[in-house]
Amino acid sequence: MELTLEILTILFVVATAAGFIDAMAGGGGLLTLPALLAVGVPPTQALATNKLQSSFGSFSASWYFVRNGIVNIKEMRLAIACTFIGSAIGAEAVQFIDAGILTSLIPVLLVAISLYFLLMPKAKEHSGNAKLSEAMFALSVGGGVGFYDGFFGPGTGSIFTVCFVALGHFSLVDATARTKVLNFTSNIAALLFFIFAGLPIWELGLVMAVGGFIGARVGAKVVISKGQKWIRPLVIIMSMLMAAKLLWQEHSEWLLSFIV
Numbered sequence: 004m005e006l007t008l009e010i011l012t013i014l015f016v017v018a019t020a021a022g023f024i025d026a027m028a029g030g031g032g033l034l035t036l037p038a039l040l041a042v043g044v045p046p047t048q049a050l051a052t053n054k055l056q057s058s059f060g061s062f063s064a065s066w067y068f069v070r071n072g073i074v075n076i077k078e079m080r081l082a083i084a085c086t087f088i089g090s091a092i093g094a095e096a097v098q099f100i101d102a103g104i105l106t107s108l109i110p111v112l113l114v115a116i117s118l119y120f121l122l123m124p125k126a127k128e129h130s131g132n133a134k135l136s137e138a139m140f141a142l143s144v145g146g147g148v149g150f151y152d153g154f155f156g157p158g159t160g161s162i163f164t165v166c167f168v169a170l171g172h173f174s175l176v177d178a179t180a181r182t183k184v185l186n187f188t189s190n191i192a193a194l195l196f197f198i199f200a201g202l203p204i205w206e207l208g209l210v211m212a213v214g215g216f217i218g219a220r221v222g223a224k225v226v227i228s229k230g231q232k233w234i235r236p237l238v239i240i241m242s243m244l245m246a247a248k249l250l251w252q253e254h255s256e257w258l259l260s261f262i263v
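For the sequence shown, this note's numbering assigns the number 4 to the initial residue and increments by one for each residue that follows.
I should point out that these hints are in silico values taken from the structure, not numbers from a laboratory.
Treat the hints with care, since some could be wrong.
To be verified - Now the in silico label distances, taken between C-beta atoms and shown as ranges:
#, residue 1, residue 2, range
1, Ile198, Leu81, 23 to 33 Å
2, Asn71, Ser107, 38 to 48 Å
3, Asn75, Lys134, 16 to 26 Å
4, Met139, Thr12, 37 to 47 Å
5, Ser228, Leu11, 29 to 39 Å
6, Ala247, Asn75, 37 to 47 Å
7, Val225, Val16, 15 to 25 Å
8, Ile13, Val221, 11 to 21 Å
9, Gly201, Glu5, 16 to 26 Å
Keep in mind the model is a prediction, meaning the values are calculated, not measured.
For each residue, glycine too, the CB sits at the ideal point set by N, CA and C.
I would like the entire structure built from these sequences, with the hints used as guidance.
Okay, structure coming up:
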């Protein structure tokens, strides 16, 4: 794969938009991962490079929320530990899957996640009594979603946010802040395993990281000031379009023969 200025520019813009969206509603990986695949990055390397760039964006948003006192790291120690372990296991597991299977699996997962976003109830702006204890939430949500993030990734932020609201009964802003801390944790855990395996494409990842960092910082500010009402429809539309593009690339001959 040849790294041209055009490819780097496109990926920088996509990462900036994804960082902005991810800080607000999650789902930024639904833009960056398909973009990496679309420019010809092999599936496993695309996952690793996506983790590299998204780590910078999730750190940017996390640091903003922590610095502004919206989230306390000490209160999340158990969830952070469980998320790290789950993500590390997922990142290790994905390396043993045949690339062809992963290429076919990614569009299906993108469609499934898009439908999840479309059908899930809207998060409410209130807090209440948690449905799960802190330890149970850390083990089930932290470990489970962490594994998913290490294994695949796109949509992790939105899934974490929904869990914090529905199971933890946090307000939407508090849930989003906690989500970014766990998202950063799972990104770093998976990235370490991918680096040990020599999978990230550093030139692409670092260019996208700059865009993701900028976008995430702006998005974190918007979470506090304006909320995220219009983000979910954008994520749904973009992820469906990207999934359709990937399906067409993989199965265009079959689809054309079926139509004809």
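Hints, verified against the model:
At about 26 Å, the beta-carbon gap between Ile198 and Leu81 stays in the expected band of 23 to 33 Å. For the pair Asn71 and Ser107, the beta carbons lie near 43 Å from each other, so the given range of 38 to 48 Å is met. Between Asn75 and Lys134 the Cβ separation comes to about 21 Å, which falls inside the hinted range of 16 to 26 Å. At roughly 46 Å, the beta carbons of Met139 and Thr12 sit within the given window of 37 to 47 Å.
Distance hint for Ser228 and Leu11: a CB-CB separation of about 31 Å, consistent with the stated range 29 to 39 Å. Against the hinted window of 37 to 47 Å, the Cβ-Cβ separation of Ala247 and Asn75 comes to about 42 Å, which satisfies the hint. The hinted range of 15 to 25 Å is satisfied by Val225 and Val16, whose Cβ atoms lie roughly 18 Å apart. Roughly 20 Å separates the CB atoms of Ile13 and Val221, a value that falls within the hinted 11 to 21 Å.
At roughly 20 Å, the beta-carbon separation of Gly201 and Glu5 lies within the given 16 to 26 Å, and the hint holds.
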